[in-house]
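Peer 1: Sequence:
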Amino acid sequence: MMYDAVIIGAGVTGSAIARELSMYEGKFCVLEREEDVCCGTSKANSGIVHAGHDAVHGTLKAKLNVRGNEQMDKLAEELDIPFVRNGSLVVCTDERDRAKLEQLYENGQKNKVPGLTILSGEEVRKLEPNITEAAVAALYAPTGGIICPFELNIAMAENACANGVDFRFQAEVAEIRRSAGGYEVVAGGCTYVTRAVINAAGVYADVFHNMVCSDKIHITPRRDEYMLMDKQAGAHVRRTIFTVPGTYGKGVLVTPTVHGNLIAGPTALDIEDKEATKTTLDGLAEVRNKSGLAVRD
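Residue 254 in my numbering sits at position 268 of the sequence shown, and the numbers go up by one each step.
Careful, some of the hints might be misleading.
To be verified - Simulated restraints, written as ranges between beta carbons of each label pair: (1) 20 / 85: 14 to 20 Å; (2) 81 / 12: 54 to 60 Å; (3) 196 / 261: 15 to 21 Å; (4) 165 / 275: 33 to 39 Å; (5) 92 / 198: 40 to 46 Å.
As the list claims (entries may be wrong) - In silico DSS-like cross-links for lysine-lysine, where the CA-CA straight-line distance does not exceed 27 Å: (6) 264 / 217; (7) 49 / 112; (8) 47 / 96; (9) 60 / 86; (10) 264 / 276; (11) 112 / 217; (12) 29 / 47; (13) 86 / 276; (14) 49 / 96; (15) 276 / 217; (16) 29 / 264; (17) 47 / 202; (18) 47 / 86; (19) 60 / 96; (20) 202 / 217; (21) 260 / 47; (22) 260 / 276; (23) 260 / 86; (24) 98 / 47; (25) 60 / 29; (26) 60 / 49; (27) 260 / 202; (28) 217 / 29; (29) 98 / 86.
Treat the hints as calculated values from the structure; they're not laboratory data. Beta carbons: idealized from backbone N, C-alpha and C, even for Gly.
Put together the whole structure using the sequences plus the hints.
Peer 2: This is the structure:
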């Protein structure tokens, strides 16, 4: 069988692409090395729908961040999954960092993020009583939201499958060969013939890119660790709380989940082993210490 497109990876990106393609006439297939969807990076994130003030203005990331945020209400309704537009706060605890907050605000304005406001420390604590007393200001983005990453991934894959997309599990891609009509993809002992290959393989995307492209790339994996707390702590904050961004992005956040828990994290550690996903005592201690910079215990 000749497929119009073969997608490598059944994470949130691959499943979203499969769902979109399933709305068009054609034959499409998703190849996944694991036994189910959402077994890789997509299962391990904070479930945040960012407002879009952090992405650098003029980049594709900035454009798609804001556009994707706008589309989440409709998508969640179509897929019948939980989505809460709870808003987010970037908390500043040092007057010397206020300029960074202003820069985020200006960048968000350029990205056309609606409703952005810089609040005083007193105003922040009125919204969120458990914000640290050290807070001097915060950037408030009312369009920020939270979603369940597992349900989003699974729902998109189920929708794509119901629309006729083939999913092949335990089908790890071993080789990609160019052919006269497109490509031959060897996976799980079978060969799939396709006009196009869509690489949605997460941290392994470099491996498959390098099979067919002379311009080689390398992805350095980054291990993140989270602390997921009981529902008894779920109401500690109502909004997603960030600290002022640093070298590794937005830093440790504290947020409720759509299921009523409280989650804090992540850490950020560049590693070489793509499979080194362990949780460590040191990592959890770092999450606890850094989350305490913005939110009181």
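Peer 1: Confirm or reject each hint.
Peer 2: Going down the list of hints, with the structure as the test:
1. 20 / 85: 14 to 20 Å: For residue 20 and residue 85 the Cβ distance comes to about 45 Å; the hint is violated.
2. 81 / 12: 54 to 60 Å: holds (57 Å)
3. 196 / 261: 15 to 21 Å: holds (18 Å)
4. 165 / 275: 33 to 39 Å: Taking Cβ atoms as reference, residue 165 and residue 275 lie about 54 Å apart, which means the hint is violated.
5. 92 / 198: 40 to 46 Å: Once the Cβ atoms are compared, 41 Å apart, the range 40 to 46 Å for residue 198 and residue 92 holds.
6. 264 / 217: holds (24 Å)
7. 49 / 112: violated (32 Å)
8. 47 / 96: holds (13 Å)
9. 60 / 86: violated (33 Å)
10. 264 / 276: holds (20 Å)
11. 112 / 217: holds (23 Å)
12. 29 / 47: holds (21 Å)
13. 86 / 276: holds (18 Å)
14. 49 / 96: holds (10 Å)
15. 276 / 217: holds (21 Å)
16. 29 / 264: Satisfied, since the Cα-Cα distance of roughly 14 Å is no more than 27 Å.
17. 47 / 202: holds (22 Å)
18. 47 / 86: holds (20 Å)
19. 60 / 96: Cα-Cα ~24 Å, so holds.
20. 202 / 217: violated (46 Å)
21. 260 / 47: It holds: about 24 Å lies between the C-alpha atoms, which stays within 27 Å.
22. 260 / 276: The hint holds at about 25 Å.
23. 260 / 86: violated (33 Å)
24. 98 / 47: Between residue 98 and residue 47 the Cα gap is close to 13 Å, so the pair holds against 27 Å.
25. 60 / 29: Holds - the C-alpha atoms of residue 29 and residue 60 are around 22 Å apart, at most 27 Å.
26. 60 / 49: holds (18 Å)
27. 260 / 202: holds (18 Å)
28. 217 / 29: holds (20 Å)
29. 98 / 86: This hinted pair holds, its Cα atoms lying about 18 Å apart.
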